[in-house]
Amino acid sequence: MSTDSPKTLFDKIWSDHLVKQRDDGTSLLYIDKHLVHEVTSPQAFEGLKIASRPVRRPSATVAVADHNVPTFNRENIEDEQSRIQVQTLANNTKEHGIEYFELSDKRQGIVHIIGPEQGITQPGMTMVCGDSHTSTHGAFGALAFGIGTSEVEHVLATQTIVQKPAKNMRISVNGDLPFGVTSKDLILYIIGQIGTAGGNGHVIEYAGSSLKPLSMESRMTICNMSIEAGARAGLISPDQITFDYLKGRPYAPTDEHWQQAIDYWSSLPSDTDAFYDKELVINSSEIAPMVTWGTSPEDVVAVSGLVPDPSSAKTENKKKSIERSLDYMGLKSGTKITDIKLDKIFIGSCTNGRIEDLRSVASIVKNKKIAPHVEGMIVPGSGLVKLQAEEEGLDVILKDAGFDWREAGCSMCLGMNPDQLKPEERCASTSNRNFEGRQGRGGRTHLMSPELAAASAIKGSIADIRDFD
Amino acid sequence: MDKFITLKGIAAPLPIVNIDTDMIIPKQFLKTIKRTGLGISLFYEMRYDHQGQELKNFILNTKPFNQSKILVAGDNFGCGSSREHAPWSLKDFGISCIISTSFADIFYNNCFQNGILPIVVSPENSKKLMDFASDQKEFEIDLPSQNISVEGEKIGFDIEPYRKERLIEGLDDIGITMNYEQSITDYELLQKKNKPWIFKDIK
Ligand code: SF4
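Those protein sequence lines, which keep their order, are chains A and B. Just so we're aligned, residue 55 is where the first sequence starts under this note's numbering, counting upward by one. Just so we're aligned, residue -4 is where the second sequence starts under this note's numbering, counting upward by one.
One chain only, chain A, in its complex shape (with noise of 0.2 Å):
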């Protein structure tokens, strides 16, 4: 690629990360933050010790516990298993320097929420993590994707990771969103379009009208998902919007910096012409409120509609896959989608326990009751989103609402903590995998924005938000 010729952002991030090009068509690419958590790098540091090979630079890594960790009384971790986990996590980067937000601190929190949060996560940077929803933090412009624990354990040792170029995609939104309609609608509705394998090999880039003026909160909530719809990141253009959320934040450039910086973000966007291998338009008037009925995320629906039915689908796989789908939801197609009775509401996870999720949850919810049937649980994504919502004074309308109120962690995104649903019992929840089993075995996931799970916690019911007063 010649260096004038018009470049994506993720070109542009490629290019200023590129090590070294080798000669067998690999590139080795500079990893500038490295974010770890304590269910996939226990077996990358094993592997640093086995080989005794250093942390080659520990300042540019921080380590927090999420995944497994209770979300009340976590003073003394119940399950053995997860505790060893933990405490492996809390050893292991002793060891190394590395700095790490224990359980008492109020910055620990899922991991993709505190990159952001304190200011780690900023336009340009390469970023990865032991996890698939790396993806989150492009909504800054950053090159961030999930990596396996063999990459971990690559990067932790060299501060590089062995890469091929990805291919570029656009996806472009366009018009103002409807009354109604989140980023969660938005994301959820471009996975039902493209399917879970449409992004495979690509790098997704969300532009156009409509995400201008989105904050940074439902930024974050679209590249999260990018994952979902096979893209190993996502990416958006830094703005004004960017730079705002991330000024004053604690590892957020400062002094003479911070113009410096700006200045160098400000010529991320991508250029006019430059290509891409694949590319979609799709105007924002098509997009309604969103919810998943089946076992996958493409498995998507209008809330206004109905649970399909098997024999309309193009393929006998497809025909085949919709079956399980429904046979382990236990629903009967042509039901209608606002028909369908809930057990439990779950609002939280890296894609919706921001503190934007829980002033509107909050503002749905106040003065009323949570369906007597219905448990709610809210899971704050750190400990500054749950302070920061205690002083701003929802906790108290959500726990009159009637939801529970816990600590910060991945909790029933995938249940590895003791929050998991039963055998059966069907859940709204604002989290991004629907899979067989994901929030416990059996059980039922509908995937929504946290404006309609709010709404579906009242009504007791997955409910239209359009219809909700």
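Hints were generated in silico from the structure; no laboratory data involved. Glycine is no exception: its CB is placed at the ideal position from the N, C-alpha and C atoms. One or more hints might be untrue.
[As the list claims (entries may be wrong)] Heads up, simulated DSBU-like pairs for lysine-lysine below, C-alpha to C-alpha not over 35 Å straight-line: (1) A:K453 to B:K26; (2) A:K74 to B:K188; (3) A:K386 to B:K51; (4) A:K218 to B:K26; (5) B:K187 to B:K86; (6) B:K188 to B:K198; (7) A:K374 to B:K195; (8) B:K51 to A:K368; (9) B:K188 to A:K160; (10) A:K476 to B:K26; (11) A:K372 to B:K86; (12) A:K74 to A:K148; (13) B:K198 to B:K187; (14) A:K160 to B:K187; (15) B:K159 to B:K(-2); (16) A:K374 to A:K395; (17) A:K266 to B:K198; (18) B:K86 to A:K74.
[Claimed, not checked] Stretches of chain B that chain A covers, calculated by requiring three or more beta carbons in the stretch to come under 8 Å of a beta carbon on chain A: (19) 86 to 93; (20) 187 to 193.
Fit chain B with the ligand to the supplied structure of chain A, relying on the hints for placement.
Okay, now just chain B with the ligand, sitting in the frame of chain A:
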């Protein structure tokens, strides 16, 4: 890492699309701090009932497929999380080759870190191989010549040369990268000068 050169044996057919990493190895098994011992929990929810008894109708519980080293699976195998526990559990079970029409990126990559060969074939060949697998035909995978042979039929496949070489040699990426130590140091010095804010220490 184990080398992968050739592999012979019957293949287990698993004609389900979008087999995600939660299906391959559910979360309760991610609490380990070791790489080994996960084979028994592979495909846990499909393989065992609620009492933990083997489900007789699940393919990997039936003879001779419980000895398969090869898996022929539906489209988009390995989607979902980045957990390397997925390839670890497959490997620990004894599977070192997976054939599908497509793989999720992270899973695909993780396979090569563990001496597993993921092979992408066309939908037509996938169907053919699925049938051969069901009929318990012997598969022969030859990585150097990039062929799958069954019943006298040869199906070629693509693989990036650097991945092929690493599998055949059983090479460890970290060792290779460490030969570029000087380039990494030079890069860091230059970037520190140009974008000093990026190097602010996390502590
Ligand atoms: S909240 Fe869920 S998706 Fe996000 S990092 Fe935790 S487990 Fe993964």
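Hint-by-hint comparison with the structure:
1. A:K453 to B:K26: holds (32 Å)
2. A:K74 to B:K188: The given pair, whose Cα atoms are some 19 Å apart, holds under the 35 Å limit.
3. A:K386 to B:K51: Holds - the C-alpha atoms of K51 (chain B) and K386 (chain A) are around 28 Å apart, at most 35 Å.
4. A:K218 to B:K26: holds (31 Å)
5. B:K187 to B:K86: violated (42 Å)
6. B:K188 to B:K198: The hint holds at about 21 Å.
7. A:K374 to B:K195: violated (53 Å)
8. B:K51 to A:K368: holds (32 Å)
9. B:K188 to A:K160: Distance ~34 Å between K188 (chain B) and K160 (chain A) Cα, so the pair holds.
10. A:K476 to B:K26: Holds - the C-alpha atoms of K26 (chain B) and K476 (chain A) are around 20 Å apart, at most 35 Å.
11. A:K372 to B:K86: Distance ~29 Å between K372 (chain A) and K86 (chain B) Cα, so the pair holds.
12. A:K74 to A:K148: It holds: about 31 Å lies between the C-alpha atoms, which stays within 35 Å.
13. B:K198 to B:K187: At roughly 18 Å apart (the allowed maximum being 35 Å), K187 (chain B) and K198 (chain B) satisfy the hint.
14. A:K160 to B:K187: holds (31 Å)
15. B:K159 to B:K(-2): holds (10 Å)
16. A:K374 to A:K395: holds (25 Å)
17. A:K266 to B:K198: This hinted pair holds, its Cα atoms lying about 34 Å apart.
18. B:K86 to A:K74: Between K86 (chain B) and K74 (chain A) the Cα gap is close to 32 Å, so the pair holds against 35 Å.
19. 86 to 93: Since 0 is below three, the answer is violated.
20. 187 to 193: holds (count 4)
Violated hints, listed in ascending order, are 5, 7 and 19; each of the other numbered hints is respected by the structure.
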